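Enquirer: The residues making up each chain are set out below.
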Amino acid sequence: MKYMILVYGSQQDYDALAGRAVPGQPTWSAEDFAAMGAFMEEFSKDLAGSGELVETRGLTAPVHARRVQLEHGVPVVTDGPYAETQEVLAGYWIVECESFDRASQIAARLAACPGPSGSGGSPADRTPFADVRPIADSRNELEL
Amino acid sequence: MTGRDAEDTEGLLRVLAPQVLGAVVRRYGHFDTAEDAVQEALLAAAQQWPGGGVPANPRGWLITVAARRLTDLLRAEQARQRREENAARRMLPGEWLAPSADQPAAGSDDTLILLFLCCHPALSPASQIALTLRAVGGLTTTEIARAFLVTDVAMTRRITRAKQAVAASGVPFRLPPGPERPQRLGAVMHVLYLIFNEGYVTTSGPGLHRSELSGEAIRLARLLHRLLPGDSEVAGLLALMLLTDARRPARTGPDGALVPLAEQERSRWNHACIAEGQDLLTAALPRGATGPYQLQAAIAALHDEAPSAEATDWPQIVALYEMLMRVSGGPVVALNHAVAVAMAHGPHAGLARLAGLEADERLAGDHRLSAVRAHLLELSGDLAAARDAYETAARQATNLVQQRYLHTRAARLTTSDVNP
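Protein sequences, first through last, are from chains A and B. My numbering puts the last residue of the first sequence at 144; the count rises by one with no breaks. My numbering puts the last residue of the second sequence at 420; the count rises by one with no breaks.
Hints are not guaranteed to be accurate.
As the list claims (entries may be wrong) - Incomplete in silico selection of chain B near chain A, CB under 8 angstroms:
hint: 1; residue: Ala-257
hint: 2; residue: Pro-260
hint: 3; residue: Leu-261
hint: 4; residue: Arg-268
hint: 5; residue: Thr-392
hint: 6; residue: Gln-403
hint: 7; residue: Arg-404
As the list claims (entries may be wrong) - Covered stretches of chain A, going by a simulated chain B footprint (3 or more residues, C-beta under 8 angstroms):
hint: 8; stretch: 17-27
hint: 9; stretch: 71-85
To be verified - Across the chosen pairs, the derived CB separations fall in these ranges:
hint: 10; chain 1: B; residue 1: Met-323; chain 2: A; residue 2: Ala-108; range: 24 to 34 angstroms
hint: 11; chain 1: B; residue 1: Gly-170; chain 2: A; residue 2: Arg-139; range: 30 to 40 angstroms
hint: 12; chain 1: A; residue 1: Gly-80; chain 2: B; residue 2: Ala-6; range: 53 to 63 angstroms
hint: 13; chain 1: A; residue 1: Pro-75; chain 2: B; residue 2: Gly-170; range: 39 to 49 angstroms
hint: 14; chain 1: A; residue 1: Glu-84; chain 2: B; residue 2: Ser-308; range: 35 to 45 angstroms
hint: 15; chain 1: B; residue 1: Pro-315; chain 2: A; residue 2: Phe-129; range: 53 to 63 angstroms
hint: 16; chain 1: A; residue 1: Ala-21; chain 2: B; residue 2: Gly-11; range: 44 to 54 angstroms
hint: 17; chain 1: A; residue 1: Ala-108; chain 2: B; residue 2: Ala-349; range: 49 to 59 angstroms
hint: 18; chain 1: B; residue 1: Ala-46; chain 2: A; residue 2: Gly-91; range: 30 to 40 angstroms
hint: 19; chain 1: B; residue 1: Glu-180; chain 2: A; residue 2: Ala-108; range: 53 to 63 angstroms
hint: 20; chain 1: A; residue 1: Gly-91; chain 2: B; residue 2: Arg-362; range: 20 to 30 angstroms
hint: 21; chain 1: A; residue 1: Gly-91; chain 2: B; residue 2: Asp-152; range: 18 to 28 angstroms
Bear in mind the hints are in silico, worked out from the structure with no lab data behind them. Bear in mind the structure is a predicted one, so any value in this text is a computation, not a measurement. We put the beta carbon where it would ideally sit given N, CA and C, even for glycine.
Modelling step: build the complete structure from the supplied sequences, incorporating the hints.
Expert: Encoded structure:
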C-alpha cells in the first residue's frame with residue numbers, strides 16, 4: 001500500500017527559514033539551516049535505502065503559488081493567493097510500506113527534525129504536524 | 001582480490017564500455033537490447049577480472065561475451081515477437097559485410113557515433129543526459145538516479161524509454177551525414193555542458209553526489225576532444241569546464257554557504273586545472289571561428305588569471321561579453337555584461353545597462369536581475385535602495401540557499417546603515 005506524508009508551512013515559516021527576521025518567530029542560523037538540510041537528506045536516504053521511498057518533493061514558498069479559479073465559467077489566475085500566516089502544503093513523501101502503522105512510524109521520525117535555535121517564540125508555542133494519507137491506486141479503490 | 005585490482009578493472013571497463021557497445025550495435029543492431037547485453041558483460045568482467053586476471057584482449061573478451069548474451073536475449077525476444085512485423089527493421093544481407101566487431105581501429109569512431117546517438121534530437125534533454133551517462137559514461141542506473149535525486153525505478157524507466165525511442169527512430173549506426181553533423185555535434189556539446197552544470201550549480205546537501213557529475217562531464221569532454229582534436233569549440237568546452245571547476249575548492253564556506261567569486265580565497269583554486277584550460281584555449285583560439293564555448297572559456301581564464309577581483313582585466317571581459325552577445329545572445333549573457341561594465345567603468349554605467357534590460361520579458365521577475373541591481377547599488381553607495389533590491393531578489397528566488405545569501409546581504413546593509 002502507498003501512503004502520502006504531507007508537511008505544511010506558511011509564508012512566514014519560509015521567510016524565517018530563508019534567514020529573514022520575522023517578528024514573533026525564532027530565526028534560523030546558518031548552522032540550524034544546515035542541520036535541518038542534513039536531517040532531511042538522511043531521512044530520505046534511509047527511506048530510499050529500505051526501499052520504501054517512492055518519491056519526495058519540496059515545494060517553493062507560497063508567495064510563488066498561482067491559483068486558477070473558475071469565476072462565472074471563466075478561469076481567473078491569482079498570484080500569491082495565501083495569507084502570510086496561512087499554512088499550506090510545503091512538501092511530501094510518498095512511501096510504499098506494509099502497513100498504516102509503519103507509515104505513521106516513518107512520519108513520527110520527522111519529530112526529530114532540528115529547528116531554529118534563535119530567540120523569539122518558544123518551541124512549546126509550535127505544534128508542527130505531518131499528515132499520513134493512504135493513496136488509492138485506482139478508481140475502484142475509491143468507489144468501494 | 002585487492003581494492004587496487006578492482007579499481008584498475010573499473011577504470012578499464014569504463015574506457016572500454018562505449019567501445020564495446022558501439023562495436024556490438026554496429027555489428028548486430030538492436031541498440032536497446034545490445035545495451036542490456038553489454039551491461040551484463042561488464043558485470044561479468046567486474047566480478048571475474050580482479051580475481052582471475054584481465055584477459056589478453058579485454059575488448060575482444062567483452063564483445064564476445066556481450067554478443068553471446070545478445071543472441072540469448074534476442075532469441076527470447078523473437079520467440080515473443082515472431083509474428084510481429086518487426087522483420088523490416090532487421091538487417092539486410094548487404095549489411096552483414098560490416099567490418100568485424102572486434103576490429104580495434106574502429107573503437108574511437110564507435111564511441112563518437114554512440115555520443116551522437118545518445119544525444120539524438122528525438123530525445124528530451126533529460127533523456128539525452130541519462131542515456132549519455134549510462135551508455136558512454138558507463139555509470140550504473142543507480143548512480144545516475146542518485147545524482148538526479150529520483151528513484152532507481154524512475155531512472156530505469158527514463159533510460160528504457162530513451163533506448164526504445166532511439167531504436168524506434170531507426171537511425172542507422174553511423175556518423176550523421178556531413179551537413180547534419182555540426183548541429184548534432186552542437187547537441188552533444190550542449191548535453192555535456194548540462195551535465196557539468198548540473199554538478200557544478202549544486203553546492204551542498206544532497207548535491208554532494210552531484211559534484212561527481214562535473215568530473216564525469218570533464219571526462220566525457222576530454223574523450224570528445226581526443227576524438228575530434230581539430231574542433232576548436234570542443235576544445236573550448238573542455239577548457240571552460242576545467243577553468244570553472246578549478247574554483248570549486250574555494251566556492252563554498254565551511255557551513256556550505258556560497259562564496260561569491262570576488263570573495264573567494266584564490267590560493268585555494270586548482271592551479272593545475274587552470275594551466276591545462278589555458279593551454280587548451282591558447283591552442284584553440286587561433287583556429288577557425290570563435291564560438292560561444294571558447295568565449296566563455298576566455299572569460300573564465302581572465303578571472304582565473306587575476307590575483308584579485310579588483311585586479312581583473314574587466315575591459316577585456318566587457319569586450320568578450322560583447323562578442324558573446326553577438327554569437328549567442330540571451331538575457332543572462334547581457335546581465336553578466338552589465339556586471340562587467342560596472343566593474344570596468346563604475347556602478348552607474350552598469351546600472352544604466354541594467355535599465356535597458358528591464359523591458360526584457362525573459363528576465364521579468366527573475367531574481368538574478370534584482371540581485372545584480374542590489375549589488376551595483378551597494379557599490380554605488382545607495383545602501384537603502386540596495387537593501388530593498390536584495391529583499392526583492394530574495395522574494396523572487398525559489399532556492400532557499402540563495403534566499404539565505406540574499407537576506408544576509410540585506411541584513412548586513414541594515415547594520416551598516418545604523419553604524420555608518
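Enquirer: Flag every earlier hint the structure violates by its number, smallest first.
Expert: Violated hints (numbers, rising): 2, 3, 4, 5, 9 and 10; every other hint is consistent with the structure.
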